[in-house]
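Visitor: Residue-level listing of the chains:
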Amino acid sequence: MIRRFGLILTLLAALMLPTFANERSLTTTVTNSFGVPSGLIDMPTAEMAPDGQLSINVSHFSGYTRNTATFQLTPWLSGSFRYIGIDDLTPLFDIYYDRSFDIRLRLMEETDYLPGVAIGLQDFLGTGVLSGEYIVATKQFGERLRATGGVGWGRLGSRNSFGSLGSRPGFSFEGVGTGGNFRFSEYFSGDMALFGGFSYDATDKISFSAEYSSDAYEFENQQGVFDADSPFNFAATYKANDNLIFRLFSVYGQEVGLTVNVTLNPRQPATETQGPAPLPVAVRDPARIKELGWSTNPIEQIALSSQLEKFIEQEGLTYIGADITDRTAHVRIENGIFQSEAQALGRTMRIMSRMLPPSVETFHVTVESNGLPLMTTTMSRTDLERLEYEKEDLALQAASFSDSIRFGDVPEPKADVYPNFTWSVSPTLRFSAFDPENPFRADLRIKARGNYDFGQGWLLNGAVSVRVLGNLGEIDRPVNSQLPFVRTTIAAYNYRFGPTIDQLTLTKLARIAPDVYGRASIGYFELMYAGVSGEVLWKPVDSRLALGVELNYVQLREQDQRFGFASHTTPGGTIPHVNGHVSAYYELNNGYQANVHAGRYLAGDWGATFEFSREFNNGWQIGAFATFTDVSAEQFGEGSFDKGLFFRVPFSWIIGTETKRGYSNIIRPVQRDGGQRVIVPNRLYDIVSEPHRANVASSWGKFWK
Amino acid sequence: MTLKHSLSLFALLGLMVLTACTNDDTRLDPKQLTTIVRESISQRNAPPRDKDAIIEAASREALSLTSPEDPLASIQFDSVGIAAVLREIEKNGQHTVWAAWGSSDRKSIVTKNGMIAATRGLRKDLMSSEADAVLDLVRNRKEGNVPYTLRYLDGDFVIIEAKYTCTVERGYDKTVALATGPVPALQMFSSCVSANRQFVDLFLVDRSGRILEMRQWVGPVLGFAYMSQLR
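Going down the list, the protein sequences come from chains U and R. Going by the working numbering, the first residue of the first sequence is number 1, and it counts up by one from there. Going by the working numbering, the first residue of the second sequence is number 1, and it counts up by one from there.
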């Protein structure tokens, strides 16, 4: 062990010589056949994708298909999730499907004289059928040529090994166990081998690659799937456009394959948003600032409010109310349209500057959500006039932000704001992924949703759906869980024709005290559970940290998802009624968010969920989570512990029209019963944190848009 | 998930956006989408028009229908196919906000002492700029090297700055035809360079320092703006 780390440290130290000149980031949007950023074919390089890049790679050669999603989480760190299918790898299945995760880290940027260096773990969390680790260096020569050399372990150390660090068992199905777990004792151990190659950009669209592979495909060879005779691989790559890359390759002197790589970057919208220009700020005539005649005329006051309402509603915002005095105006709005809360504030203040008499010098805007006043922003009108075309962050420095409750005197909602009923009918999707019999099944449903907002934080939300078409009904995998069946029976709920009651809840949101928010909910929360839920959240407007506590009493629903309830006694045990968590939420810089939820899960298991995500100002969110509870890997079953990815795609990013709507979902490699939480609508953190200072400040450029 | 599955998922998502209907006007209105689609199709199919002729006709009409004191200008962005006669709609210190004359569409151009300082409601708007040093040389018809900054919003709503160094030089004497008659002017060239871009702006400046005509780089999408004072 010591010897192994000694070698790794020596290698790292050799590569981390002092840098002499400019550092450069080696980036590429091309991915190799494992779907990670690399100009080579089967081997990794030290290249990273551009920051934020998301790619979906489908790579196929005879009997071997790999589907990989890779996200460049930071400029120096990428993560990948892979789903492969191999024909005849085992007599148990015609096609053996397998899920795996990779992580890659750039250790050193390329300089004029030294290569960029990266370290990576392939299939570090999975069955281990693809597992391998590497340290790799890449250097660019001129504008078009990149050369790579590296040392690999595991699969990547299996051809022409020059030494070894301890021993490492070869892959076997017997050794997999429940799979999906870390294998710390194996990383960077066993045989080591060298690999390398070149990539050359012949034109901006066409490039060629050649490599010497250190992967002998030993297990595939043993099973008679594939015989990797030659270590040399070659590829020709064609970039059809920024988002679509095709590659034709030959591997191991045996096979010809094809890769399609669809790639996008959340920071580059598919369609640029092109909304109407904001109204310009109206600058006051200094001579009229002392005129106060208007304030003694109640008719003029009413006219002002109605003008404000008209123009604020024209922007797509909801006008809740206003208080206007001689020198101060306070407007209360709800932003249901702009992704950027700063833009909603800017548009409102511009309107105030045009509508309000010159004597009004101080503007307050309170943003509410679901009837809860959340944050009050204050800016002097003089600053608004002075800074309209100055550097954007000057206005941020001139604004101040307060908790609306602490600020006090928030305008009351005008008489006709509540109750407010909204409805929608839209298609919706339920899907099931990674079933070995059919990796992707889905049902298209039509969902009718109604929201009745009584005001004062009282909400009645309902949703009903009917199945239109799909194949979710074909799932007939037996449930083999050793835990109470809290989620593994989801397939029996998903496929129902309906109409199903997807949600029916009465919620009360409340401001308990400054910085403190409360929620109480009762009803049918989600497909599987109904119940009663209570939550308290502490979140100061300018704090990156929030703390919450939630307690639920749940009741399992009948599978037809009408009003009935089912027994909590299941073959795996009895589902407890009570669960709950304490949570900590922390907003790191640059949109990174880290959350921890610790407590009791649906199956009665105790533990904690760790979430890490990157949230873009434009509404994109990509993250990963893992839950560790007191359930052992054997009890948990396949996958060993609960983990997965979650994402949100904002529709405005796709269509270029302002809307807060989006599509979000969670992808789990396998759905088991350990570490599962009930899904309760209107949880506080997202509602409360959205218009708070950190979000407003991070997209402040939009204040003037 | 195979590529076919991924593409099906995207298609389904698209369908979900397009076929939703609601009474909530803060949510996306599907009618809006069909309008956008229809507009983009009609733009694609429209025969090319002679923009100069259209602008000339609109300028004549605007000059005849507005008061002789009202400032008017014309603007063209060739790279995005925008052309309009502009009228002043607001002033803020040295900044003037212009919008299309005879139209209520919410697009605006902001000038500072005659130079474009910002745009709103166009594609990839110029959010703000730092041009006082360039303006000082151009309006005083002097030569020199000065800094120049243009600011934009990136796709994640973060302000990005493009910083240039500009060499301002005098050109030839020219005559500009305003509605009030011909005015003598001097060409002023501003050649700007950054790490990854360079462009040359051209201003025609009268003796009082007023910019009468210009070709100004506005941004990577909007390209060059051609703006002329009509009155």
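Because the hints were derived from the structure by calculation, they are not lab data. All C-beta atoms in this analysis are idealised placements derived from N, C-alpha and C, irrespective of residue type, glycine included. There may be inaccurate statements among the hints.
What the hints assert, rightly or not - Cross-link-like lysine-lysine pairs, in silico, DSS-like; alpha carbons within 30 Å at most:
#	chain 1	residue 1	chain 2	residue 2
1	R	Lys-163	U	Lys-391
2	U	Lys-660	U	Lys-391
3	R	Lys-112	U	Lys-391
4	R	Lys-174	U	Lys-310
5	U	Lys-290	U	Lys-205
6	R	Lys-91	U	Lys-391
7	R	Lys-142	R	Lys-107
8	R	Lys-124	U	Lys-660
9	R	Lys-91	U	Lys-310
Unchecked claim - Pulled from the structure, derived: some chain U residues nowhere near chain R, Cβ distances all over 12 Å:
#	residue
10	Ser-353
11	Asn-590
12	Phe-646
As the list claims (entries may be wrong) - Each pair of labels, with its calculated beta carbon distance range:
#	chain 1	residue 1	chain 2	residue 2	range
13	U	Gln-456	R	Asn-196	28 to 36 Å
14	R	Arg-207	U	Lys-414	52 to 60 Å
15	R	Asn-196	U	Ala-626	39 to 47 Å
16	U	Ser-172	R	Arg-123	52 to 60 Å
17	R	Asn-196	U	Asp-476	54 to 62 Å
Visitor: Decide, hint by hint, whether the structure agrees.
Guide: Here is how each hint holds up against the structure:
Note on Lys-163/R and Lys-391/U: the hinted pairing holds, with a Cα-Cα distance of about 13 Å set against a maximum of 30 Å. Pair hint Lys-660/U plus Lys-391/U holds up; C-alpha atoms about 27 Å apart against a cutoff of 30 Å. Restraint check for Lys-112/R and Lys-391/U: the C-alpha separation of about 14 Å stays at or below 30 Å, so the hint holds. Between the alpha carbons of Lys-174/R and Lys-310/U the distance comes to roughly 49 Å, so the proposed pair goes past 30 Å and is violated.
Between Lys-290/U and Lys-205/U, the direct Cα distance comes to roughly 66 Å. Violation of the 30 Å bound is thereby established for this hinted pair. For the hint pairing Lys-91/R with Lys-391/U, the CA-to-CA distance comes to about 18 Å; that is within 30 Å, so the pair holds. With a CA separation close to 33 Å, the supplied pair Lys-142/R and Lys-107/R exceeds the 30 Å bound. Restraint check for Lys-124/R and Lys-660/U: the C-alpha separation of about 20 Å stays at or below 30 Å, so the hint holds.
With a CA separation close to 23 Å, the supplied pair Lys-91/R and Lys-310/U stays within the 30 Å bound. The claim that Ser-353/U is not at the interface with chain R is violated, since a C-beta of that chain comes within 12 Å of its own (minimum 10 Å). Its closest Cβ contact with chain R, about 10 Å, brings Asn-590/U to no more than 12 Å, contrary to its assignment away from the interface. The claim that Phe-646/U is not at the interface with chain R holds, since no C-beta of that chain comes within 12 Å of its own (minimum 15 Å).
Range check, Gln-456/U to Asn-196/R: about 55 Å between beta-carbon atoms, so the 28 to 36 Å window is missed. The hint said 52 to 60 Å for the Cβ distance between Arg-207/R and Lys-414/U, and at roughly 57 Å that hint holds. For the pair Asn-196/R and Ala-626/U, the supplied restraint of 39 to 47 Å holds, since their beta-carbon distance comes to about 41 Å. A C-beta distance of roughly 58 Å is found between Ser-172/U and Arg-123/R, which places it inside the suggested range of 52 to 60 Å.
As the Cβ distance of Asn-196/R to Asp-476/U is approximately 58 Å, the hint placing it in 54 to 62 Å holds.
Checked against the numbered hints given earlier, this structure breaks hints 4, 5, 7, 10, 11 and 13; the rest are met.
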